[in-house]
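Asks: As a plain string of letters, each chain reads:
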Amino acid sequence: MANVRISALHKHYGGVHAVRGIDLDIPDGEFTVLVGPSGCGKSTLLRTIAGLEDADSGTIEIGDEVVNGMRPRDRDVAMVFQDYALYPHMTVAGNIGLSLRARRRPRPEIETRVRNVAEMLGIVDLLGRYPRQLSGGQRQRVAIGRAIVRNPRVFLFDEPLSNLDAQLRDEMRGEIKRLHQDISTTMIYVTHDQIEAMTLADRIVLMRDGRIEQQGAPLDLFEQPATMFVAGFLGSPQMNFLRGRIVRSADGAAVRFGEGDTPLPFPPARALAAVPGGGEVIVGLRPEHAGRGSGAAPPPGAVRIEAEIELIQPTGSRSYATFRLAGQPMLAELRAHDVSRPGERVPIDINLGRAAVFDPQTGKAL
Amino acid sequence: MAGSATIPHRIRRRTGADLLRIACLGVFVIFVLVPLYWMVITSIKPTSDYLAVPPVWFPAEPTIVHYTAALFSYRGLDGLLNSLIVASAATVLSTVLGTLMAYSMARFGTGGQHLAFWVLSQRFLPPVAIVLPLFLLFRSWHLYDTHVGLIIVYTFITLPLSVWMMYAYFRQLPRSLEDAALVDGLSRWQALWMVAVPLAAPGIAAAAVFVFVAVWTEFFFALVLTSRHAFTLPTVFRAFLGFQGAQYGEACALATTSLVPSIALGILVQRHLVRGLTLGALRG
Numbered sequence: 001m002a003n004v005r006i007s008a009l010h011k012h013y014g015g016v017h018a019v020r021g022i023d024l025d026i027p028d029g030e031f032t033v034l035v036g037p038s039g040c041g042k043s044t045l046l047r048t049i050a051g052l053e054d055a056d057s058g059t060i061e062i063g064d065e066v067v068n069g070m071r072p073r074d075r076d077v078a079m080v081f082q083d084y085a086l087y088p089h090m091t092v093a094g095n096i097g098l099s100l101r102a103r104r105r106p107r108p109e110i111e112t113r114v115r116n117v118a119e120m121l122g123i124v125d126l127l128g129r130y131p132r133q134l135s136g137g138q139r140q141r142v143a144i145g146r147a148i149v150r151n152p153r154v155f156l157f158d159e160p161l162s163n164l165d166a167q168l169r170d171e172m173r174g175e176i177k178r179l180h181q182d183i184s185t186t187m188i189y190v191t192h193d194q195i196e197a198m199t200l201a202d203r204i205v206l207m208r209d210g211r212i213e214q215q216g217a218p219l220d221l222f223e224q225p226a227t228m229f230v231a232g233f234l235g236s237p238q239m240n241f242l243r244g245r246i247v248r249s250a251d252g253a254a255v256r257f258g259e260g261d262t263p264l265p266f267p268p269a270r271a272l273a274a275v276p277g278g279g280e281v282i283v284g285l286r287p288e289h290a291g292r293g294s295g296a297a298p299p300p301g302a303v304r305i306e307a308e309i310e311l312i313q314p315t316g317s318r319s320y321a322t323f324r325l326a327g328q329p330m331l332a333e334l335r336a337h338d339v340s341r342p343g344e345r346v347p348i349d350i351n352l353g354r355a356a357v358f359d360p361q362t363g364k365a366l
Numbered sequence: 001m002a003g004s005a006t007i008p009h010r011i012r013r014r015t016g017a018d019l020l021r022i023a024c025l026g027v028f029v030i031f032v033l034v035p036l037y038w039m040v041i042t043s044i045k046p047t048s049d050y051l052a053v054p055p056v057w058f059p060a061e062p063t064i065v066h067y068t069a070a071l072f073s074y075r076g077l078d079g080l081l082n083s084l085i086v087a088s089a090a091t092v093l094s095t096v097l098g099t100l101m102a103y104s105m106a107r108f109g110t111g112g113q114h115l116a117f118w119v120l121s122q123r124f125l126p127p128v129a130i131v132l133p134l135f136l137l138f139r140s141w142h143l144y145d146t147h148v149g150l151i152i153v154y155t156f157i158t159l160p161l162s163v164w165m166m167y168a169y170f171r172q173l174p175r176s177l178e179d180a181a182l183v184d185g186l187s188r189w190q191a192l193w194m195v196a197v198p199l200a201a202p203g204i205a206a207a208a209v210f211v212f213v214a215v216w217t218e219f220f221f222a223l224v225l226t227s228r229h230a231f232t233l234p235t236v237f238r239a240f241l242g243f244q245g246a247q248y249g250e251a252c253a254l255a256t257t258s259l260v261p262s263i264a265l266g267i268l269v270q271r272h273l274v275r276g277l278t279l280g281a282l283r284g
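Those sequence lines, one after another, are chains A and B.
For the first sequence, my numbering assigns the number 1 to the initial residue and increments by one for each residue that follows.
For the second sequence, my numbering assigns the number 1 to the initial residue and increments by one for each residue that follows.
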């Protein structure tokens, strides 16, 4: 087990500046998820930690030891690859045991450790089979077995679940989380799937264009995104972004979404002192922050509007309604059995107290 | 009713297509096998039956006299042994060097595109352009009419194609397998021999067969660069075609003998040639 510290790391790929000055401190035993869109540099960062790529500048420390220039085999890290990368000419036992054979461990020890890992992952029956005889989920288990058999200091996962179907992905996600709880080794996990990131991580590191956009506990990023990019990346369906202008009055701040519309007041706690009256903002509202109004008055902190439903998308556990707020499309979450129909005008309660407010020029949270 | 009318029609058409296909295949098989059959039969025919009209399809009294003459009187056996030595050594050398070079080019981009093209461009060189300088060099280096000299030449001339065959193969191999091996604790050298080479076995087998057959049938360099000691099988055939007439029986006997190693090699590596080893390595 070890901590990982990355300082001022840069990496170029040909003409592309893939990693641009990353500073990251991962404490011992933490499950860190690197997440971001394709090409944001997360896989490059992971491969650089593994030693499969050389850093152009900056340092990587594993367990307080600088590992730049060290071969992958000497870094004592294990990696699970997106395509599993099982050796097709070796049996499952051969695959899992290769790292021990490479370190010249005695044969009885290799057999015992391979068997223990296989028991832990429930793949003892498969030890004599070849990768081509396994299903996708079984291959994934073998790949994980190959990583854990030698008790590395750090585990690296490079989008390990992206080739599995949805059901299996959920199952394996749970197993990886349980694995981390059982062995508590530092894990660095790369994914572009924000649900994986939210469910697995102790800490999410959200990357964009080779830089860290924001890092922190999953719920902190979800509730307090530092930028519009973070707000839009996390959460499904995506956060609604609505342009408006701040209106100031004696009661505090309010936002007007369309010319001549009634301003919708923010709760007193959201003073938005940094924005002058008349200043343009982008208000970020998650679908769950807007819902069908019921009762005589909206709940505390919410404002009620009336809008015509354009579209209803049921998902089973809940439904999403599209409507327009001052001409701007917005998604609201309804209960699963809501009977609203497209074309119907319904009351919508908007919880502005939980809205994120961004500067339209910089995209940063205000 | 429409259905019942069309079904027999379709069956008839399919049968017609099948017959045509069988006929085509039959013609092709005859085209390939008859010369071989004629060669084998001629090798055991008495001399009087060679060009008899009507042709003798199977001799009444088969004989092995042509085999003994071709192998011993005409030194065919020596040629066969020389060919075996030279072809085996050149095959091993060309395949091993080709594998190393191709791996380096495919994984590390060694020499960029220019080196890859330069290697292939060696095949554009007509053999006649280099045979005379080689002859002179070999004479002064005491490589003329030696196995070593011939092995060097054959390794050199077959290397471009074995490199290119292996280069294409290694480029197809997923890089993540070797990455996994490196992280698992193997050195680059171990990753090559324990992971990349076993997976490239079909490509290596194909390249080896190609090199062996190319060397086994090569005539021009063998003719110029050898004489009484290191001469190979193809050069022995010169003796069968003389002013006095052709020694068809001996030629066919030696040709039949020379087929044996090629066929044996083909059977030996057939399993590797058709085996898709990467199946199941990666996502399913």
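Since the hints were derived computationally from the structure, they do not count as laboratory data.
Heads up, some of the hints might be wrong.
[As the list claims (entries may be wrong)] DEER-style ranges, computed between Cβ atoms: (1) Pro-198/B with Arg-105/A: 42 to 52 Å; (2) His-12/A with Val-32/B: 16 to 26 Å; (3) Pro-198/B with Gly-21/A: 37 to 47 Å; (4) Ser-121/B with Pro-237/A: 26 to 36 Å; (5) Thr-110/B with Arg-105/A: 31 to 41 Å; (6) Glu-111/A with Trp-189/B: 23 to 33 Å; (7) His-12/A with Gly-112/B: 17 to 27 Å.
Think of the CB as a built atom: it goes at the ideal place given N, C-alpha and C, for glycine as much as any other residue.
Asks: Under the constraints set out in the numbered hints, which ones does this structure not fulfil?
Replies: The structure breaks hints 1, 2 and 4; every other hint is satisfied.
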